[in-house]
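Residue numbers (my numbering), protein chains in the order written: chain H, 294 to 715; chain P, 35 to 141.
FYI, nobody ran anything at the bench for these hints, they're computed from the structure. Cβ atoms here follow ideal geometry from the backbone N, Cα and C, with glycine treated the same way. Fair warning: there could be bad hints in the mix.
Said to hold, decoys possible - For lysine to aspartate or glutamate, the following EDC-like pairs were computed, each having C-alpha atoms within a straight-line distance of at most 20 Å:
{"id": "1", "chain 1": "H", "residue 1": "Lys370", "chain 2": "H", "residue 2": "Glu432"}
{"id": "2", "chain 1": "H", "residue 1": "Lys520", "chain 2": "P", "residue 2": "Asp37"}
{"id": "3", "chain 1": "H", "residue 1": "Lys548", "chain 2": "H", "residue 2": "Glu603"}
{"id": "4", "chain 1": "P", "residue 1": "Lys45", "chain 2": "H", "residue 2": "Asp501"}
{"id": "5", "chain 1": "P", "residue 1": "Lys56", "chain 2": "H", "residue 2": "Asp420"}
{"id": "6", "chain 1": "H", "residue 1": "Lys665", "chain 2": "P", "residue 2": "Glu64"}
{"id": "7", "chain 1": "P", "residue 1": "Lys91", "chain 2": "P", "residue 2": "Glu54"}
{"id": "8", "chain 1": "P", "residue 1": "Lys56", "chain 2": "H", "residue 2": "Asp601"}
{"id": "9", "chain 1": "H", "residue 1": "Lys475", "chain 2": "H", "residue 2": "Asp486"}
{"id": "10", "chain 1": "H", "residue 1": "Lys665", "chain 2": "P", "residue 2": "Asp37"}
{"id": "11", "chain 1": "H", "residue 1": "Lys519", "chain 2": "P", "residue 2": "Asp37"}
{"id": "12", "chain 1": "P", "residue 1": "Lys40", "chain 2": "H", "residue 2": "Asp512"}
{"id": "13", "chain 1": "P", "residue 1": "Lys40", "chain 2": "H", "residue 2": "Glu504"}
{"id": "14", "chain 1": "P", "residue 1": "Lys56", "chain 2": "H", "residue 2": "Asp501"}
{"id": "15", "chain 1": "H", "residue 1": "Lys328", "chain 2": "H", "residue 2": "Asp601"}
{"id": "16", "chain 1": "P", "residue 1": "Lys40", "chain 2": "H", "residue 2": "Asp501"}
{"id": "17", "chain 1": "H", "residue 1": "Lys374", "chain 2": "H", "residue 2": "Glu432"}
{"id": "18", "chain 1": "P", "residue 1": "Lys40", "chain 2": "P", "residue 2": "Glu115"}
{"id": "19", "chain 1": "P", "residue 1": "Lys40", "chain 2": "H", "residue 2": "Asp333"}
{"id": "20", "chain 1": "H", "residue 1": "Lys475", "chain 2": "H", "residue 2": "Asp420"}
{"id": "21", "chain 1": "H", "residue 1": "Lys519", "chain 2": "H", "residue 2": "Asp581"}
{"id": "22", "chain 1": "P", "residue 1": "Lys40", "chain 2": "P", "residue 2": "Glu54"}
{"id": "23", "chain 1": "H", "residue 1": "Lys388", "chain 2": "H", "residue 2": "Asp498"}
{"id": "24", "chain 1": "H", "residue 1": "Lys520", "chain 2": "H", "residue 2": "Glu536"}
{"id": "25", "chain 1": "H", "residue 1": "Lys548", "chain 2": "H", "residue 2": "Asp601"}
Said to hold, decoys possible - Simulated DEER-style distance windows between Cβ atoms:
{"id": "26", "chain 1": "H", "residue 1": "Lys519", "chain 2": "P", "residue 2": "Lys56", "range": "44 to 52 Å"}
{"id": "27", "chain 1": "P", "residue 1": "Arg42", "chain 2": "H", "residue 2": "Leu484", "range": "29 to 37 Å"}
{"id": "28", "chain 1": "H", "residue 1": "Gly705", "chain 2": "P", "residue 2": "Lys74", "range": "47 to 55 Å"}
{"id": "29", "chain 1": "P", "residue 1": "Lys56", "chain 2": "H", "residue 2": "Ser355", "range": "46 to 54 Å"}
{"id": "30", "chain 1": "P", "residue 1": "Ile76", "chain 2": "H", "residue 2": "Pro350", "range": "22 to 30 Å"}
Unchecked claim - Here chain H is said to cover these stretches of chain P; the calculated rule only asks that three of the stretch's residues, wherever they fall, bring their Cβ under 8 Å from a Cβ of chain H:
{"id": "31", "stretch": "38–49"}
{"id": "32", "stretch": "130–140"}
Chain by chain, the residues run as shown.
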Amino acid sequence: MRAGIVAVGTVAVVAIVAGAFIGAGSTGAKAQTKKVAPLDLSAAASERPWKRYGNWPSRDYSKFNTLANLASPAAPKEPRKITGPIAGNAENGAKLVADRNRGGSCLACHVMGPAGGTNLPGNVAPDLSEIGNAGREDEWLFNYVYDGRVYNPETVMPPWGSHGLFNDAEINDIVAFLKTLKSPAVFKTVLDDPNKRPAPVENRDNLDPIENPGMWTVDQAQALWKKRTASGFSCNTCHSNPETQFKTWAASMPKWEPRLDKVLGVEEFITRHAATTTGAKWLMESEDNKAMSVYLHFLANGNPIKVDTESAGAKAAIERGKELSQRKLGQLNFACTDCHGISANKWIRGQWLGEPKGQYDHFPTWRTSQLKIWDIRQRFQWCQVNIRADELPPDAKEYGDIELYLASQNEGLKLSVPGIRH
Amino acid sequence: MADSPKIRVPKTAKKGEVVEIKTLMPHVMESGQRKDKDGKPIPRKIINKFTAEFNGKPVFSANLEPAVAANPYLQFFAKVEESGTFKFAWTDDDGTVITAEQKIDVA
Numbered sequence: 294m295r296a297g298i299v300a301v302g303t304v305a306v307v308a309i310v311a312g313a314f315i316g317a318g319s320t321g322a323k324a325q326t327k328k329v330a331p332l333d334l335s336a337a338a339s340e341r342p343w344k345r346y347g348n349w350p351s352r353d354y355s356k357f358n359t360l361a362n363l364a365s366p367a368a369p370k371e372p373r374k375i376t377g378p379i380a381g382n383a384e385n386g387a388k389l390v391a392d393r394n395r396g397g398s399c400l401a402c403h404v405m406g407p408a409g410g411t412n413l414p415g416n417v418a419p420d421l422s423e424i425g426n427a428g429r430e431d432e433w434l435f436n437y438v439y440d441g442r443v444y445n446p447e448t449v450m451p452p453w454g455s456h457g458l459f460n461d462a463e464i465n466d467i468v469a470f471l472k473t474l475k476s477p478a479v480f481k482t483v484l485d486d487p488n489k490r491p492a493p494v495e496n497r498d499n500l501d502p503i504e505n506p507g508m509w510t511v512d513q514a515q516a517l518w519k520k521r522t523a524s525g526f527s528c529n530t531c532h533s534n535p536e537t538q539f540k541t542w543a544a545s546m547p548k549w550e551p552r553l554d555k556v557l558g559v560e561e562f563i564t565r566h567a568a569t570t571t572g573a574k575w576l577m578e579s580e581d582n583k584a585m586s587v588y589l590h591f592l593a594n595g596n597p598i599k600v601d602t603e604s605a606g607a608k609a610a611i612e613r614g615k616e617l618s619q620r621k622l623g624q625l626n627f628a629c630t631d632c633h634g635i636s637a638n639k640w641i642r643g644q645w646l647g648e649p650k651g652q653y654d655h656f657p658t659w660r661t662s663q664l665k666i667w668d669i670r671q672r673f674q675w676c677q678v679n680i681r682a683d684e685l686p687p688d689a690k691e692y693g694d695i696e697l698y699l700a701s702q703n704e705g706l707k708l709s710v711p712g713i714r715h
Numbered sequence: 035m036a037d038s039p040k041i042r043v044p045k046t047a048k049k050g051e052v053v054e055i056k057t058l059m060p061h062v063m064e065s066g067q068r069k070d071k072d073g074k075p076i077p078r079k080i081i082n083k084f085t086a087e088f089n090g091k092p093v094f095s096a097n098l099e100p101a102v103a104a105n106p107y108l109q110f111f112a113k114v115e116e117s118g119t120f121k122f123a124w125t126d127d128d129g130t131v132i133t134a135e136q137k138i139d140v141a
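All chains should be built: construct the whole structure from the sequences, respecting the hints.
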């Protein structure tokens, strides 16, 4: 009995001390980081219904797989029978193989003799400049273009015919062109030869505001930090010393969030935390949200990326992310790993395919070709639209899984945000 | 905040040294030649003049025209004989003058 009273008394004392400590303001920073951050869990963190960015292709890819939905037609089991020799128009075929409006077409991955004026072909796939000497049957050539999976289920080549990118007559023209290819490509310049083209080097000083306009968003965010909303609160109300409070935080994100049953990145955290604390409406992909994300990453610059990969929730998310990264998506039927695994460090037409490591430490990044900050979720979205798949809203749980998987592959790289890229 | 000018002037220099100065002014530089979605001309709004002076004496100036791209970046050289202050001024079409300055120690 007596022992019981003592025990209760002790608990009460501890509780009071802890309360006083948290209440002590800035000295309670440590205690504060251990507290669970308040998040608004009531609504989506981005626009609903999600609408694709205005200047992006508006094509509808709903007949094909997305990260959230399986819709693509199954691969054919048998090659199509071709009776008699194919009589296509080789001249038209030469145009089609270099047509940038057909998902990059053949030249994106293959060198093909004189096709496309040998203008920056890729080297993801074999050089076909002498395919006309290989003695391939018309039926084999036709089917390899129509849907190469009938001969090689592991191929990364898009099923041009069965996914409707080229019709039969166009494939006949391509076959006719392939049969004319009998001598090695003659490149106009060294840069046109993908095997001699030097890998791109990014060596601009991304933290110099003269070199990188992305740095200007840090100024914007610092102003936003102190801007009071109608509630009378600003970020500064609780976080008056962001430089120390967020010195490492962004390097530990994204993380598994049990309250939402998904992985939360910095941007979604900003939306949900602001909504419930200051009431600021900072939906993902809004300029304010991106500025705050740049700033919070900027504060953690120089710190090595170190995300939780051990908790049960994180482990399961990484496993899902890994699986999703291997899913074939869109009309071009590419998985993340097709370009950034099997074909990494090669050229897809004039674009260099990077490996996953090094694709995370500089996000959000300034894009000189867009004159905008892009966060990692927008980059994911563009990957999909680029391979002709429908993107998901930026706060989709699938992106969370992939982001955590990507961050885990970037562990140890030091944050350097905002980056600067083409 | 976001449209504050960015400048690079060395903090120190030797007497008589020629120093490199970089200036960048975030600005839309709307040429006046473009039309909006409804076909109406978008009014011209550019930085039309830039001046740099050192201890009150002009060292560099430029008249900017509508064809100059957004966020005009100007890089130039100045010979410094004494310690002092560089003052920079950008004049907007609307009459606003944005200024910035930086000191340099000359030994």
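Each hint tested on the structure:
The hinted pair formed by H:Lys370 and H:Glu432 meets the criterion: a straight-line CA distance of about 15 Å does not exceed 20 Å. The hinted pair formed by H:Lys520 and P:Asp37 meets the criterion: a straight-line CA distance of about 17 Å does not exceed 20 Å. At roughly 11 Å between alpha-carbon atoms, H:Lys548 and H:Glu603 fall within 20 Å of each other, so this suggested pair holds. Under the criterion of a C-alpha separation no larger than 20 Å, the hint pairing P:Lys45 with H:Asp501 is consistent with the structure, at around 16 Å.
Restraint check for P:Lys56 and H:Asp420: not satisfied, since their Cα atoms lie roughly 47 Å apart, outside the 20 Å limit. For the hint linking H:Lys665 to P:Glu64, the alpha-carbon distance of about 18 Å falls within 20 Å, and the restraint holds. At roughly 17 Å between alpha-carbon atoms, P:Lys91 and P:Glu54 fall within 20 Å of each other, so this suggested pair holds. The straight-line distance between the Cα atoms of P:Lys56 and H:Asp601 is roughly 43 Å, outside the 20 Å bound, and the hint therefore fails.
Taking the CA atoms of H:Lys475 and H:Asp486, the gap is near 18 Å; set against the 20 Å cutoff, the hint holds. For the given pair, H:Lys665 sits about 15 Å from P:Asp37 by alpha-carbon distance, which is consistent with the 20 Å threshold. This hinted pair checks out: H:Lys519 and P:Asp37 have alpha carbons roughly 18 Å apart, not beyond 20 Å. Restraint check for P:Lys40 and H:Asp512: satisfied, since their Cα atoms lie roughly 12 Å apart, inside the 20 Å limit.
The suggested pairing of P:Lys40 with H:Glu504 holds, with an alpha-carbon distance near 10 Å, which does not exceed 20 Å. Straight-line distance between C-alpha atoms of P:Lys56 and H:Asp501 comes to about 12 Å, which keeps the hinted pair within the 20 Å bound. This hinted pair checks out: H:Lys328 and H:Asp601 have alpha carbons roughly 17 Å apart, not beyond 20 Å. Simply put, P:Lys40 and H:Asp501 have alpha-carbon atoms about 9 Å apart, close enough for the 20 Å limit, and the pair holds.
Between H:Lys374 and H:Glu432 the CA atoms are separated by roughly 7 Å; this keeps the pair inside 20 Å, and the hint holds. For a cut-off of 20 Å, the pair hint linking P:Lys40 to P:Glu115 is broken: about 24 Å separates their Cα positions. Simply put, P:Lys40 and H:Asp333 have alpha-carbon atoms about 38 Å apart, too far for the 20 Å limit, and the pair is violated. The straight-line distance between the Cα atoms of H:Lys475 and H:Asp420 is roughly 12 Å, inside the 20 Å bound, and the hint therefore holds.
For a cut-off of 20 Å, the pair hint linking H:Lys519 to H:Asp581 stands: about 13 Å separates their Cα positions. A distance of roughly 14 Å separates the Cα atoms of P:Lys40 and P:Glu54; the hinted pair therefore holds under the 20 Å criterion. With a CA separation close to 41 Å, the supplied pair H:Lys388 and H:Asp498 exceeds the 20 Å bound. For the hint linking H:Lys520 to H:Glu536, the alpha-carbon distance of about 17 Å falls within 20 Å, and the restraint holds.
Pair hint H:Lys548 plus H:Asp601 holds up; C-alpha atoms about 6 Å apart against a cutoff of 20 Å. Our hint of 44 to 52 Å for H:Lys519 and P:Lys56 is violated, since their Cβ atoms are close to 29 Å apart. Distance hint for P:Arg42 and H:Leu484: a CB-CB separation of about 33 Å, consistent with the stated range 29 to 37 Å. Between H:Gly705 and P:Lys74 the CB atoms are about 54 Å apart, so this pair conforms to the stated range of 47 to 55 Å.
Checking the proposed 46 to 54 Å range against P:Lys56 and H:Ser355 shows it holds: the Cβ atoms sit about 49 Å from each other. The given range of 22 to 30 Å is respected by P:Ile76 and H:Pro350, whose C-beta atoms sit roughly 26 Å from each other. Residue count for the stretch 38–49 of chain P with a Cβ under 8 Å from a Cβ of chain H: 3. That meets the three needed, and the coverage hint holds. Only residues whose C-beta sits within less than 8 Å of a C-beta in chain H count toward coverage, and the stretch 130–140 of chain P has 0 of them, not enough to reach three; the restraint is violated.
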